[in-house]
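For the sequence shown, UniProt numbering begins at 1 and goes up steadily by one.
For the record, the hints were derived by calculation from the structure and aren't laboratory data.
Be aware that one or more of the hints could be misleading.
[Claimed, not checked] Pairs of lysine-lysine, BS3-like flavour, derived with a Cα cap of 30 angstroms: (1) Lys180 x Lys170; (2) Lys180 x Lys20; (3) Lys20 x Lys38; (4) Lys170 x Lys86; (5) Lys185 x Lys170; (6) Lys180 x Lys86.
These figures come from a predicted structure and were not determined experimentally.
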Amino acid sequence: MIAQSFFTEERNVLEMLRQKVRYMQSQQRRSYDRSFFKNMPDEVPVQLSIGTRVTARLRHPQDGLFTGVIQALDGANAQYRVSFDKPGLETQSVPDYEVRAIEPVDTVPTASFARAGSARPSLFNTPPRFSLPELRSPLANDPLMSAGTPAKSELRLLDQTGVVNGYSIKFLLHVVRLNKILLVKRERVSRLESMNSEAERAQLYGQPLTDEFQRRYAQLVLQLEGINSQLRETTTDVQQCCQQLMPENGLVPAVLPTHMKTLCDEEAGRQVSAALTGRSQRAQPVTSDSDVLQLITRLTSLLLQVKNFADAEMNPFELSSLEETMREIRESLRPEHLADFQDQVQVHLQHVQTGLTQRWNSRPGRRPPAPSPGRH
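Turn these sequences into a full structure, and let the hints steer you where they fit.
Put into C-alpha coordinates, the structure is as follows:
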(Lines of atoms letter the chains of each structure in order from A; the text may use other names.)
(Lines give C-alpha, C1' and ligand atoms only; values in the text may rest on other atoms or scores of the structure.)
Protein backbone atom coordinates (compact mmCIF):
# COMPACT_ATOMS: atom_id res chain seq x y z
CA MET A 1 0.00 0.00 0.00
CA ILE A 2 1.53 3.30 -1.11
CA ALA A 3 1.44 5.98 1.56
CA GLN A 4 -0.49 9.18 0.91
CA SER A 5 2.65 11.15 1.74
CA PHE A 6 4.30 9.69 -1.37
CA PHE A 7 1.61 11.16 -3.67
CA THR A 8 1.76 14.46 -1.82
CA GLU A 9 5.50 14.67 -2.33
CA GLU A 10 5.18 13.78 -6.03
CA ARG A 11 2.54 16.46 -6.54
CA ASN A 12 4.75 19.04 -4.83
CA VAL A 13 7.71 18.14 -7.05
CA LEU A 14 5.52 18.35 -10.16
CA GLU A 15 4.17 21.76 -9.16
CA MET A 16 7.71 22.99 -8.50
CA LEU A 17 8.77 21.93 -12.01
CA ARG A 18 5.75 23.64 -13.50
CA GLN A 19 6.61 26.83 -11.65
CA LYS A 20 10.17 26.70 -12.97
CA VAL A 21 8.87 26.42 -16.52
CA ARG A 22 6.62 29.43 -15.93
CA TYR A 23 9.59 31.46 -14.69
CA MET A 24 11.52 30.61 -17.84
CA GLN A 25 8.57 31.37 -20.10
CA SER A 26 7.96 34.74 -18.47
CA GLN A 27 11.65 35.76 -18.80
CA GLN A 28 11.55 37.44 -15.43
CA ARG A 29 15.19 36.42 -15.23
CA ARG A 30 17.61 35.88 -18.08
CA SER A 31 19.79 33.21 -16.41
CA TYR A 32 19.72 30.70 -13.57
CA ASP A 33 22.15 28.65 -11.54
CA ARG A 34 22.78 25.12 -12.76
CA SER A 35 21.04 23.71 -9.68
CA PHE A 36 17.86 25.29 -10.99
CA PHE A 37 17.75 22.76 -13.85
CA LYS A 38 17.73 19.66 -11.66
CA ASN A 39 15.12 17.18 -12.98
CA MET A 40 14.18 19.63 -15.74
CA PRO A 41 13.67 18.42 -19.33
CA ASP A 42 16.19 19.32 -22.02
CA GLU A 43 13.69 21.68 -23.66
CA VAL A 44 10.68 23.67 -22.46
CA PRO A 45 7.81 24.91 -24.63
CA VAL A 46 7.22 28.60 -25.14
CA GLN A 47 4.06 30.03 -23.65
CA LEU A 48 1.03 29.71 -25.91
CA SER A 49 0.15 32.93 -27.69
CA ILE A 50 -3.24 34.52 -28.04
CA GLY A 51 -5.19 33.16 -31.00
CA THR A 52 -3.70 29.67 -30.67
CA ARG A 53 -6.17 26.84 -31.19
CA VAL A 54 -6.01 24.46 -28.24
CA THR A 55 -7.59 21.45 -26.58
CA ALA A 56 -8.42 22.09 -22.93
CA ARG A 57 -9.70 19.93 -20.08
CA LEU A 58 -12.80 21.30 -18.40
CA ARG A 59 -14.28 20.17 -15.09
CA HIS A 60 -17.44 22.27 -15.18
CA PRO A 61 -20.01 23.06 -16.47
CA GLN A 62 -19.12 19.93 -18.43
CA ASP A 63 -16.38 17.42 -17.79
CA GLY A 64 -14.24 16.52 -20.78
CA LEU A 65 -11.81 17.72 -23.47
CA PHE A 66 -12.97 20.59 -25.66
CA THR A 67 -11.37 22.63 -28.45
CA GLY A 68 -11.20 26.40 -28.46
CA VAL A 69 -9.04 29.49 -28.99
CA ILE A 70 -6.91 31.33 -26.43
CA GLN A 71 -8.35 34.78 -25.86
CA ALA A 72 -6.16 36.09 -23.05
CA LEU A 73 -3.34 35.18 -20.66
CA ASP A 74 -3.65 35.33 -16.88
CA GLY A 75 -0.04 35.11 -15.75
CA ALA A 76 -0.81 35.91 -12.13
CA ASN A 77 -2.98 32.81 -11.78
CA ALA A 78 -1.15 30.64 -14.36
CA GLN A 79 -4.27 30.33 -16.48
CA TYR A 80 -5.46 30.85 -20.04
CA ARG A 81 -8.77 32.38 -20.98
CA VAL A 82 -10.13 30.01 -23.63
CA SER A 83 -13.13 30.66 -25.86
CA PHE A 84 -14.58 27.22 -26.58
CA ASP A 85 -16.11 26.18 -29.88
CA LYS A 86 -18.94 24.21 -28.28
CA PRO A 87 -22.04 26.37 -27.69
CA GLY A 88 -22.86 26.95 -24.06
CA LEU A 89 -19.31 26.73 -22.74
CA GLU A 90 -18.53 30.40 -23.47
CA THR A 91 -15.13 31.64 -22.28
CA GLN A 92 -13.50 29.85 -19.34
CA SER A 93 -10.31 30.24 -17.30
CA VAL A 94 -8.31 27.02 -17.54
CA PRO A 95 -5.05 26.16 -15.71
CA ASP A 96 -2.08 26.22 -18.07
CA TYR A 97 -1.21 22.57 -17.42
CA GLU A 98 -4.63 21.52 -18.73
CA VAL A 99 -4.28 23.34 -22.05
CA ARG A 100 -2.50 21.84 -25.05
CA ALA A 101 -1.97 23.40 -28.47
CA ILE A 102 -3.44 21.53 -31.41
CA GLU A 103 -0.42 22.39 -33.58
CA PRO A 104 3.17 21.76 -32.43
CA VAL A 105 4.71 24.68 -30.52
CA ASP A 106 8.28 25.96 -30.40
CA THR A 107 10.61 24.86 -27.63
CA VAL A 108 13.70 26.41 -26.07
CA PRO A 109 16.69 24.48 -24.70
CA THR A 110 16.86 24.79 -20.94
CA ALA A 111 20.64 25.02 -21.20
CA SER A 112 20.24 28.41 -22.88
CA PHE A 113 19.18 29.83 -19.50
CA ALA A 114 22.27 28.58 -17.70
CA ARG A 115 24.17 31.41 -16.04
CA ALA A 116 27.65 30.28 -17.01
CA GLY A 117 28.72 30.42 -20.60
CA SER A 118 25.61 29.31 -22.46
CA ALA A 119 24.41 31.37 -25.37
CA ARG A 120 20.91 32.70 -25.46
CA PRO A 121 18.48 31.22 -27.95
CA SER A 122 18.32 32.99 -31.29
CA LEU A 123 14.54 33.18 -31.20
CA PHE A 124 12.36 32.93 -28.10
CA ASN A 125 8.86 33.60 -29.29
CA THR A 126 7.29 34.54 -25.99
CA PRO A 127 3.65 35.67 -26.22
CA PRO A 128 2.35 38.86 -24.70
CA ARG A 129 1.24 39.30 -21.13
CA PHE A 130 -1.46 41.86 -20.54
CA SER A 131 0.41 43.41 -17.64
CA LEU A 132 3.10 44.68 -20.00
CA PRO A 133 2.97 48.40 -20.81
CA GLU A 134 3.53 47.86 -24.53
CA LEU A 135 -0.10 46.85 -25.09
CA ARG A 136 -2.02 50.06 -25.64
CA SER A 137 -5.34 48.52 -26.60
CA PRO A 138 -8.21 49.81 -24.44
CA LEU A 139 -9.39 46.20 -24.19
CA ALA A 140 -6.11 44.94 -22.77
CA ASN A 141 -7.27 45.06 -19.17
CA ASP A 142 -10.35 42.96 -19.92
CA PRO A 143 -9.37 39.29 -20.22
CA LEU A 144 -12.70 38.46 -21.83
CA MET A 145 -12.64 41.24 -24.39
CA SER A 146 -8.93 41.21 -25.19
CA ALA A 147 -8.38 41.28 -28.91
CA GLY A 148 -5.58 38.80 -28.75
CA THR A 149 -2.64 40.22 -30.65
CA PRO A 150 1.08 39.80 -30.08
CA ALA A 151 2.74 42.48 -28.02
CA LYS A 152 5.86 44.33 -29.08
CA SER A 153 7.75 42.71 -26.26
CA GLU A 154 7.94 39.44 -28.14
CA LEU A 155 11.39 38.06 -28.92
CA ARG A 156 12.83 40.32 -26.22
CA LEU A 157 15.91 38.16 -25.84
CA LEU A 158 17.23 39.50 -29.14
CA ASP A 159 19.40 42.59 -29.39
CA GLN A 160 17.30 44.87 -31.58
CA THR A 161 20.37 46.73 -32.78
CA GLY A 162 21.69 43.57 -34.47
CA VAL A 163 21.42 42.54 -38.11
CA VAL A 164 20.31 39.22 -39.63
CA ASN A 165 20.86 38.57 -43.36
CA GLY A 166 21.14 42.28 -44.04
CA TYR A 167 17.96 43.25 -42.18
CA SER A 168 17.82 44.83 -38.75
CA ILE A 169 16.34 42.67 -36.01
CA LYS A 170 14.02 45.53 -35.10
CA PHE A 171 12.55 45.45 -38.61
CA LEU A 172 12.19 41.66 -38.52
CA LEU A 173 10.39 41.85 -35.18
CA HIS A 174 7.86 44.28 -36.61
CA VAL A 175 7.31 42.03 -39.63
CA VAL A 176 6.77 38.97 -37.43
CA ARG A 177 4.29 40.83 -35.26
CA LEU A 178 2.48 42.17 -38.32
CA ASN A 179 2.16 38.65 -39.71
CA LYS A 180 0.74 37.37 -36.42
CA ILE A 181 -1.78 40.19 -36.19
CA LEU A 182 -2.93 39.45 -39.74
CA LEU A 183 -3.35 35.77 -38.91
CA VAL A 184 -5.44 36.62 -35.86
CA LYS A 185 -7.52 39.10 -37.83
CA ARG A 186 -8.12 36.57 -40.59
CA GLU A 187 -9.46 34.11 -38.03
CA ARG A 188 -11.70 36.77 -36.44
CA VAL A 189 -13.06 37.93 -39.81
CA SER A 190 -13.82 34.33 -40.76
CA ARG A 191 -15.71 33.91 -37.50
CA LEU A 192 -17.59 37.17 -38.12
CA GLU A 193 -18.61 36.00 -41.60
CA SER A 194 -19.91 32.78 -40.11
CA MET A 195 -21.95 34.68 -37.52
CA ASN A 196 -23.32 36.99 -40.22
CA SER A 197 -24.50 33.95 -42.17
CA GLU A 198 -26.08 32.55 -39.03
CA ALA A 199 -27.89 35.85 -38.41
CA GLU A 200 -29.12 35.95 -42.00
CA ARG A 201 -30.53 32.44 -41.71
CA ALA A 202 -32.27 33.33 -38.45
CA GLN A 203 -33.77 36.43 -40.05
CA LEU A 204 -34.89 34.43 -43.07
CA TYR A 205 -36.80 31.99 -40.88
CA GLY A 206 -38.09 34.69 -38.55
CA GLN A 207 -36.11 33.41 -35.58
CA PRO A 208 -34.95 35.94 -32.96
CA LEU A 209 -31.25 36.25 -32.16
CA THR A 210 -30.43 35.06 -28.66
CA ASP A 211 -28.79 37.32 -26.09
CA GLU A 212 -25.78 34.99 -26.09
CA PHE A 213 -25.39 35.40 -29.86
CA GLN A 214 -25.60 39.18 -29.61
CA ARG A 215 -23.07 39.22 -26.78
CA ARG A 216 -20.59 37.10 -28.75
CA TYR A 217 -21.14 39.24 -31.85
CA ALA A 218 -20.52 42.49 -29.94
CA GLN A 219 -17.42 40.97 -28.34
CA LEU A 220 -16.10 39.96 -31.76
CA VAL A 221 -16.64 43.46 -33.16
CA LEU A 222 -14.76 44.98 -30.22
CA GLN A 223 -11.93 42.51 -30.73
CA LEU A 224 -11.64 43.47 -34.39
CA GLU A 225 -11.58 47.14 -33.44
CA GLY A 226 -8.65 46.52 -31.10
CA ILE A 227 -6.88 44.37 -33.71
CA ASN A 228 -7.30 47.07 -36.37
CA SER A 229 -5.83 49.66 -34.02
CA GLN A 230 -2.72 47.56 -33.39
CA LEU A 231 -2.55 46.66 -37.08
CA ARG A 232 -2.35 50.34 -38.02
CA GLU A 233 0.33 50.93 -35.39
CA THR A 234 2.44 47.96 -36.47
CA THR A 235 2.06 48.77 -40.17
CA THR A 236 3.37 52.26 -39.42
CA ASP A 237 6.36 50.73 -37.61
CA VAL A 238 7.12 48.53 -40.63
CA GLN A 239 6.75 51.49 -42.97
CA GLN A 240 9.17 53.54 -40.90
CA CYS A 241 11.74 50.76 -41.04
CA CYS A 242 11.24 50.56 -44.80
CA GLN A 243 11.97 54.27 -44.99
CA GLN A 244 15.42 53.58 -43.55
CA LEU A 245 16.03 50.74 -46.01
CA MET A 246 14.81 52.55 -49.11
CA PRO A 247 17.68 55.05 -49.55
CA GLU A 248 20.14 52.16 -49.67
CA ASN A 249 18.12 50.59 -52.52
CA GLY A 250 17.74 53.82 -54.48
CA LEU A 251 13.99 54.01 -53.86
CA VAL A 252 11.95 57.10 -53.17
CA PRO A 253 10.41 56.84 -49.71
CA ALA A 254 6.66 57.20 -49.41
CA VAL A 255 4.95 59.69 -47.17
CA LEU A 256 3.88 58.09 -43.92
CA PRO A 257 0.18 58.52 -43.11
CA THR A 258 1.01 60.13 -39.77
CA HIS A 259 3.33 62.60 -41.49
CA MET A 260 0.76 63.46 -44.16
CA LYS A 261 -1.92 63.99 -41.51
CA THR A 262 0.39 66.22 -39.45
CA LEU A 263 1.21 68.38 -42.48
CA CYS A 264 -2.47 68.76 -43.41
CA ASP A 265 -3.46 69.51 -39.81
CA GLU A 266 -0.86 72.28 -39.64
CA GLU A 267 -1.91 73.74 -43.00
CA ALA A 268 -5.59 73.58 -42.00
CA GLY A 269 -4.80 75.45 -38.79
CA ARG A 270 -3.00 78.17 -40.75
CA GLN A 271 -5.86 78.54 -43.24
CA VAL A 272 -8.52 78.74 -40.53
CA SER A 273 -6.48 81.29 -38.58
CA ALA A 274 -5.97 83.38 -41.72
CA ALA A 275 -9.69 83.26 -42.51
CA LEU A 276 -10.59 84.36 -38.99
CA THR A 277 -8.10 87.23 -39.15
CA GLY A 278 -9.49 88.39 -42.51
CA ARG A 279 -13.08 88.33 -41.28
CA SER A 280 -12.14 90.24 -38.13
CA GLN A 281 -10.43 92.97 -40.16
CA ARG A 282 -13.53 93.29 -42.34
CA ALA A 283 -15.71 93.49 -39.22
CA GLN A 284 -17.51 90.31 -40.17
CA PRO A 285 -18.89 88.01 -37.45
CA VAL A 286 -16.41 85.42 -36.16
CA THR A 287 -17.21 82.52 -33.89
CA SER A 288 -15.26 82.20 -30.67
CA ASP A 289 -16.43 78.68 -29.86
CA SER A 290 -13.25 76.58 -29.63
CA ASP A 291 -15.14 73.34 -30.38
CA VAL A 292 -16.59 74.80 -33.58
CA LEU A 293 -13.18 76.10 -34.66
CA GLN A 294 -11.62 72.72 -33.96
CA LEU A 295 -14.31 71.01 -36.04
CA ILE A 296 -13.73 73.44 -38.92
CA THR A 297 -9.99 72.83 -38.73
CA ARG A 298 -10.39 69.04 -38.83
CA LEU A 299 -12.82 69.19 -41.74
CA THR A 300 -10.39 71.45 -43.59
CA SER A 301 -7.58 68.97 -42.89
CA LEU A 302 -9.79 66.21 -44.25
CA LEU A 303 -10.26 68.12 -47.52
CA LEU A 304 -6.54 68.85 -47.78
CA GLN A 305 -5.71 65.17 -47.33
CA VAL A 306 -8.17 64.18 -50.06
CA LYS A 307 -6.64 66.76 -52.38
CA ASN A 308 -3.12 65.51 -51.73
CA PHE A 309 -4.13 61.89 -52.22
CA ALA A 310 -5.90 62.76 -55.47
CA ASP A 311 -2.92 64.74 -56.81
CA ALA A 312 -0.36 62.06 -55.92
CA GLU A 313 -0.39 58.29 -56.37
CA MET A 314 -0.82 57.19 -52.77
CA ASN A 315 -1.09 53.54 -51.87
CA PRO A 316 -4.11 52.28 -49.86
CA PHE A 317 -2.06 52.10 -46.66
CA GLU A 318 -1.37 55.83 -46.79
CA LEU A 319 -5.10 56.52 -46.97
CA SER A 320 -5.39 55.40 -43.35
CA SER A 321 -4.85 59.00 -42.24
CA LEU A 322 -8.35 59.76 -43.55
CA GLU A 323 -9.78 57.15 -41.19
CA GLU A 324 -7.85 58.64 -38.29
CA THR A 325 -9.11 62.16 -39.02
CA MET A 326 -12.71 60.97 -39.37
CA ARG A 327 -12.39 59.08 -36.09
CA GLU A 328 -11.23 62.27 -34.35
CA ILE A 329 -14.18 64.18 -35.79
CA ARG A 330 -16.68 61.52 -34.73
CA GLU A 331 -15.34 61.51 -31.18
CA SER A 332 -15.63 65.30 -30.94
CA LEU A 333 -19.25 65.44 -32.09
CA ARG A 334 -22.31 65.31 -29.91
CA PRO A 335 -24.43 62.16 -30.30
CA GLU A 336 -27.26 64.05 -32.01
CA HIS A 337 -24.87 65.23 -34.74
CA LEU A 338 -23.28 61.86 -35.57
CA ALA A 339 -25.98 60.86 -38.05
CA ASP A 340 -25.55 64.12 -39.98
CA PHE A 341 -21.79 63.62 -40.14
CA GLN A 342 -22.19 60.04 -41.39
CA ASP A 343 -24.71 61.04 -44.06
CA GLN A 344 -23.09 64.27 -45.21
CA VAL A 345 -19.36 63.51 -44.85
CA GLN A 346 -18.40 59.96 -43.98
CA VAL A 347 -20.37 58.24 -46.76
CA HIS A 348 -18.86 60.49 -49.42
CA LEU A 349 -15.35 60.06 -48.02
CA GLN A 350 -15.74 56.30 -48.19
CA HIS A 351 -16.63 56.60 -51.89
CA VAL A 352 -13.51 58.72 -52.40
CA GLN A 353 -11.37 56.14 -50.60
CA THR A 354 -12.81 53.36 -52.72
CA GLY A 355 -12.08 55.30 -55.90
CA LEU A 356 -8.49 56.08 -54.89
CA THR A 357 -7.89 52.46 -53.94
CA GLN A 358 -9.27 51.22 -57.26
CA ARG A 359 -7.07 53.69 -59.12
CA TRP A 360 -4.02 52.38 -57.24
CA ASN A 361 -4.91 48.74 -57.95
CA SER A 362 -5.46 49.48 -61.66
CA ARG A 363 -1.97 50.93 -62.13
CA PRO A 364 0.23 49.11 -64.71
CA GLY A 365 2.15 46.32 -63.06
CA ARG A 366 -0.25 46.04 -60.16
CA ARG A 367 -1.97 42.72 -59.68
CA PRO A 368 -5.65 42.87 -58.75
CA PRO A 369 -6.45 41.64 -55.26
CA ALA A 370 -7.07 37.91 -55.03
CA PRO A 371 -10.74 36.92 -54.75
CA SER A 372 -11.92 35.73 -51.37
CA PRO A 373 -12.12 31.96 -51.12
CA GLY A 374 -15.65 30.61 -51.13
CA ARG A 375 -17.12 28.90 -48.10
CA HIS A 376 -17.40 25.14 -48.23
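Hints, one by one, checked against the model:
At most 30 angstroms may separate the alpha-carbon atoms for a hinted pair to count; Lys180 and Lys170 meet this at roughly 16 angstroms. The suggested pairing of Lys180 with Lys20 holds, with an alpha-carbon distance near 27 angstroms, which does not exceed 30 angstroms. Simply put, Lys20 and Lys38 have alpha-carbon atoms about 10 angstroms apart, close enough for the 30 angstroms limit, and the pair holds. Note on Lys170 and Lys86: the hinted pairing is violated, with a Cα-Cα distance of about 40 angstroms set against a maximum of 30 angstroms.
Among the hinted pairs, Lys185 with Lys170 is consistent with the structure: their alpha-carbon atoms are about 23 angstroms apart, no more than 30 angstroms. This hinted pair checks out: Lys180 and Lys86 have alpha carbons roughly 25 angstroms apart, not beyond 30 angstroms.
In this structure, the one hint that does not hold is number 4.
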